[in-house]
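Using the hints, position chain B against chain A.
These are the residues of each chain, in order.
Number of protein chains: 2
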Amino acid sequence: MSDPLIAPERARQFTPAERRALYDVINARRDVRNEFLPDPIAPDMLRRVLEAAHAAPSVGFMQPWNFILIRNAARRQAVHAAFAEANAEAQAMFDGEKRNKYAGLKLEGILKSPLNIAVTCDRSRGGKVVLGRTHNRDMDLYSTVCAVQNLWLAARAEGLGVGWVSIFRQEDLRGLLSLPDTVEVVAYLCVGHIDECFTQPELQARGWRHKLSLDDLIMDDHWQSNAPVERDV
Amino acid sequence: MSDPLIAPERARQFTPAERRALYDVINARRDVRNEFLPDPIAPDMLRRVLEAAHAAPSVGFMQPWNFILIRNAARRQAVHAAFAEANAEAQAMFDGEKRNKYAGLKLEGILKSPLNIAVTCDRSRGGKVVLGRTHNRDMDLYSTVCAVQNLWLAARAEGLGVGWVSIFRQEDLRGLLSLPDTVEVVAYLCVGHIDECFTQPELQARGWRHKLSLDDLIMDDHWQSNAPVERDV
Numbered sequence: 001m002s003d004p005l006i007a008p009e010r011a012r013q014f015t016p017a018e019r020r021a022l023y024d025v026i027n028a029r030r031d032v033r034n035e036f037l038p039d040p041i042a043p044d045m046l047r048r049v050l051e052a053a054h055a056a057p058s059v060g061f062m063q064p065w066n067f068i069l070i071r072n073a074a075r076r077q078a079v080h081a082a083f084a085e086a087n088a089e090a091q092a093m094f095d096g097e098k099r100n101k102y103a104g105l106k107l108e109g110i111l112k113s114p115l116n117i118a119v120t121c122d123r124s125r126g127g128k129v130v131l132g133r134t135h136n137r138d139m140d141l142y143s144t145v146c147a148v149q150n151l152w153l154a155a156r157a158e159g160l161g162v163g164w165v166s167i168f169r170q171e172d173l174r175g176l177l178s179l180p181d182t183v184e185v186v187a188y189l190c191v192g193h194i195d196e197c198f199t200q201p202e203l204q205a206r207g208w209r210h211k212l213s214l215d216d217l218i219m220d221d222h223w224q225s226n227a228p229v230e231r232d233v
Numbered sequence: 001m002s003d004p005l006i007a008p009e010r011a012r013q014f015t016p017a018e019r020r021a022l023y024d025v026i027n028a029r030r031d032v033r034n035e036f037l038p039d040p041i042a043p044d045m046l047r048r049v050l051e052a053a054h055a056a057p058s059v060g061f062m063q064p065w066n067f068i069l070i071r072n073a074a075r076r077q078a079v080h081a082a083f084a085e086a087n088a089e090a091q092a093m094f095d096g097e098k099r100n101k102y103a104g105l106k107l108e109g110i111l112k113s114p115l116n117i118a119v120t121c122d123r124s125r126g127g128k129v130v131l132g133r134t135h136n137r138d139m140d141l142y143s144t145v146c147a148v149q150n151l152w153l154a155a156r157a158e159g160l161g162v163g164w165v166s167i168f169r170q171e172d173l174r175g176l177l178s179l180p181d182t183v184e185v186v187a188y189l190c191v192g193h194i195d196e197c198f199t200q201p202e203l204q205a206r207g208w209r210h211k212l213s214l215d216d217l218i219m220d221d222h223w224q225s226n227a228p229v230e231r232d233v
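Just so you know, the protein sequences line up as chains A and B, in that order. Numbering follows the UniProt record's numbering, with no gaps: position 73 of the first sequence is 73. Numbering follows the UniProt record's numbering, with no gaps: position 129 of the second sequence is 129.
By construction, these hints were calculated from the structure, which means they are not laboratory data. Check the hints yourself; a few may be wrong.
It does not matter which identical chain is used: a pair holds within one copy or between any two.
[What the hints assert, rightly or not] Think about it this way: if two alpha-carbon atoms lie no more than 16 Å apart in a straight line, the pair counts; the simulated EDC-like pairs of lysine to aspartate or glutamate are:
| id | residue 1 | residue 2 |
| --- | --- | --- |
| 1 | Lys211 | Glu51 |
| 2 | Lys106 | Asp221 |
| 3 | Lys112 | Asp181 |
| 4 | Lys128 | Asp95 |
| 5 | Lys112 | Glu158 |
For reference, chain A alone in the conformation it holds in the complex (with noise of 0.2 Å):
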């Protein structure tokens, strides 16, 4: 802790313009389905989207993920499969109006987009005790969605849309890519050039679900027992 050399420098300040620039990718970025081009994606423009992915915090700088990009149609086809088996389940789950409401929903861009990236979790990375995941073992697990987040923001910013689709038997992706069993698929990305883009999320604009307002999701102190988002559920 002595050490001279190790130490803070100047904190790097941003202007009003760049804050904005921020702010514009932040709410511009959205979770596409539809709208991937299947004009392949420079590999420098890539390297820059996995580069500011690898820049997220890690809990105990654990680094624990990895990105296998699948471009392979075939192995796309088989893991759109494995999508279509778990939406029939995840179909069946919900009730009549709604039922038939999820039908109607593109959920996924597996086979549209150019490019698929499976962002994993190796949990055994860093030896058996990792510095602050002693006491919450799914630290990793975060570690690695904030990777997932810097990913979309910077595809964002380069013209890319990004999709995170979630629907899937964890088993079949794990034999779909050969993981070991220390490894585990946080996210798996559709990725690809778009033109167009939903101005707001495509589940708030076709009346899925509303969006919450933020004055009643901030608390003070503690938790409000009463808070008026409980009501929406």
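The following block gives chain B in isolation, referenced to the frame of chain A:
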């Protein structure tokens, strides 16, 4: 799906300068423990940061997050005491040299930062069946982590530092924040203005663990069992 009013629009394009701003924020973001200044955070600045969090993606548009703003010194003292107990347990898990090094690290800014934010996930929000969460129950936790990462980046662009404290027994935080059974703390964050900041991850600067090469983390098509990073464990 056929309603012509529900359609994507021309996607916002970002300039090279805007992309640069995003990448600079991503690369300047640090986990801050010790550089917090006591100055309060202006309400409009805090609002922008929380709006960025609330613009995160969420499974089934569930928006499962809440933001508990903890300024009260007595409550922060109690949270700090809970951290100290857990951290003593954590320290005992490391052996020899590593334990001494661990003991010398400052891992939180609970009392030094003027604001703590508990970002929670309400696992019951959105009802029993949530679109996209049918096959992975933890997607709501992952959505909440996306909100944390948005918050973290926005804070950095505003000149604020953020530190994520994960060394708690979950039941301690649950009691201190009066959380109902359906709500989990995903991230306990320390937030405050900073003048100085590490230019690389602090655990890297202090020699705890080295940065992995991105090349070793990228795989084509499926898991490669001879991946070089495996040997880093």
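Status of each hint after checking the structure:
no.: 1; hint: Lys211 to Glu51; in the structure: between (32 Å within a copy, 12 Å between copies)
no.: 2; hint: Lys106 to Asp221; in the structure: neither (41 Å within a copy, 25 Å between copies)
no.: 3; hint: Lys112 to Asp181; in the structure: neither (30 Å within a copy, 41 Å between copies)
no.: 4; hint: Lys128 to Asp95; in the structure: between (45 Å within a copy, 11 Å between copies)
no.: 5; hint: Lys112 to Glu158; in the structure: neither (19 Å within a copy, 38 Å between copies)
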